[in-house]
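Q: Residues per chain, in single letters:
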Amino acid sequence: MAPFFKFGYFGVETGYVIALLVGISFGFWLERAGFGESRKLALQFYFEDMTVLKVMFTAIVTAMIGLMYFTLFGWIDISQVYVNPTYLGAQVVGGLIFGIGFAVGGYCPGTSVVGAVLGRIDALVFLGGALFGMFVFGELFPLLEGLYNSGYMGAAKITDWLKAPTGLIGFLVIIAAIAMFLGAEWAENKFGKEPAK
Amino acid sequence: MKEQKFWNPYLAGVGLGLTLLSAFVLMGRGLGASGALMRFDVWLLKVIAPGHTQANAYFSKYFESPLSNWLVFEVIGVMIGGFLSGALAGRLKVKTGKGPNISVKNRLILAFIGGSLIGFSARLARGCTSGLALTGGATLALGSWAFMFAVFAGAYAAAYFVRKQWI
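Heads up: the protein sequence lines correspond to chains D and E, in order.
The opening residue of the first sequence carries number 1 in our numbering; numbering runs sequentially from there.
The opening residue of the second sequence carries number 1001 in our numbering; numbering runs sequentially from there.
Hints are computed from structural coordinates only; laboratory data are not their basis.
Treat the hints with care, as some may be off.
Below 16 Å or equal to it, Euclidean Cα-Cα: the simulated EDC-like pairs (lysine to aspartate or glutamate) are [to be verified]:
no.: 1; chain 1: E; residue 1: 1046; chain 2: D; residue 2: 185
no.: 2; chain 1: E; residue 1: 1061; chain 2: D; residue 2: 13
no.: 3; chain 1: E; residue 1: 1061; chain 2: D; residue 2: 145
Selected chain D positions facing chain E (in silico; Cβ < 10 Å) [claimed, not checked]:
no.: 4; residue: 7
no.: 5; residue: 25
no.: 6; residue: 33
no.: 7; residue: 72
no.: 8; residue: 73
no.: 9; residue: 74
no.: 10; residue: 76
no.: 11; residue: 104
no.: 12; residue: 166
no.: 13; residue: 174
no.: 14; residue: 175
no.: 15; residue: 183
no.: 16; residue: 186
no.: 17; residue: 187
no.: 18; residue: 189
Beta carbons are placed, not taken as given, at the ideal position from N, Cα and C, and that holds for glycine.
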């Protein structure tokens, strides 16, 4: 029964080997999508290149459907799968700042790692900035602790919040993703000037 | 070697999604990136100022062997996978990504500022696009979806002011 690690099929060290392999796949697909290039990522925010949205929501939908079917077949114990805890205040404020940083910096943490190994100088400088920003956060932590813990709701899921069945929410997420993909194709035809390299 | 085209975004999305799904199935957890950067940061601070780092209420959580962590190994994998993919496609090149209307120096200044904002906010939100948005998006975590919409809102709002950097 999955998750295999949680049911003791292997230990922490084997888990690290898996981490390396999962990471290789993660890095490979990020690079294949073109996410090593800051400009390609940033053009998302001018509706010229919608790759970020397409890749992200395709990935979310793929993994979500996988989890739902594996749960249905009884292959995975979904209660053993990590759910990010919700701190609504911290995550909305953090998300807004993160978005500004994304448009200004052109990368997010994972994509900047890919950019750096490709030889992109701006990705390396961005990573330096990220380490600095984390240092600042730690130094200011006493002042930020209230915001950091604001809006705590535990490991809340959308399904708990709306009191709706998982299948229905999953279906709506798929419909919303398809609508966004159609919008994205339309936007690229209208605003996209040249394929960003 | 001639640079190859990027792969179809929907194909890359499925590849990324299956990678995420395999992490759920094997480990019971998702992907991540900023958590590993944080641990590298603490490791660095520990070398420079161990006493100060241990006394800090936030860094001290990671003080004990900061690099012995699943995410750290995963991000080393990201470096290998990204490098291999780039090498196979002829995309390994030292350069600065930017639009045609900005100098390299100004682009690098903005890269540092953006990176700082991202580092700070990824700690505040407890994750980034990988560990919070993608991972929690697939498990339908409420905070992850709120974060995701906030990221797009912040980025679209800021985009106008930095347009000379990209377009």
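Q: All hints are to be evaluated individually against the structure, with a verdict given for each.
A: The hints, checked one at a time:
1. Only pairs whose Cα atoms come within 16 Å are accepted, and residue 1046/E paired with residue 185/D is rejected, the gap being roughly 48 Å.
2. Note on residue 1061/E and residue 13/D: the hinted pairing is violated, with a Cα-Cα distance of about 22 Å set against a maximum of 16 Å.
3. With a CA separation close to 14 Å, the supplied pair residue 1061/E and residue 145/D stays within the 16 Å bound.
4. Checking residue 7/D against chain E by beta carbon gives a least distance of about 9 Å; that is within 10 Å, so the hint holds.
5. For residue 25/D, the interface hint holds, the least distance from its beta-carbon to any beta-carbon of chain E being 4 Å, beneath 10 Å.
6. Annotation: residue 33/D was flagged as interfacial toward chain E, and the flag holds, the nearest CB pair being 4 Å apart, inside 10 Å.
7. Among the interface hints, the one on residue 72/D is violated; its C-beta lies about 14 Å from the nearest C-beta in chain E, farther than the 10 Å criterion.
8. The interface hint given for residue 73/D is broken, as the beta carbon of that residue sits about 12 Å from the closest beta carbon of chain E, more than 10 Å.
9. A least Cβ separation of about 13 Å between residue 74/D and chain E goes past the 10 Å threshold, and the interface hint is therefore violated.
10. Annotation: residue 76/D was flagged as interfacial toward chain E, and the flag holds, the nearest CB pair being 6 Å apart, inside 10 Å.
11. Hint status for residue 104/D relative to chain E: holds, with the closest Cβ pair at about 4 Å, below 10 Å.
12. A cut of 10 Å between beta carbons decides the hint on residue 166/D: the least distance to chain E is about 7 Å, and the hint holds.
13. A least Cβ separation of about 12 Å between residue 174/D and chain E goes past the 10 Å threshold, and the interface hint is therefore violated.
14. The restraint placing residue 175/D at the interface with chain E is violated, with a minimum CB-CB distance near 15 Å, outside the 10 Å limit.
15. Look at residue 183/D: its Cβ only gets to about 13 Å from chain E, farther than 10 Å, so that hint breaks.
16. Interface restraint check for residue 186/D: the shortest CB-CB distance to chain E comes to about 15 Å, outside 10 Å, so the restraint is violated.
17. Checking residue 187/D against chain E by beta carbon gives a least distance of about 12 Å; that is not within 10 Å, so the hint is violated.
18. Because the beta carbon of residue 189/D sits about 15 Å from the nearest beta carbon in chain E, more than 10 Å, this interface hint is broken.
Checked against the numbered hints listed earlier, the structure breaks hints 1, 2, 7, 8, 9, 13, 14, 15, 16, 17, 18; every other hint is satisfied.
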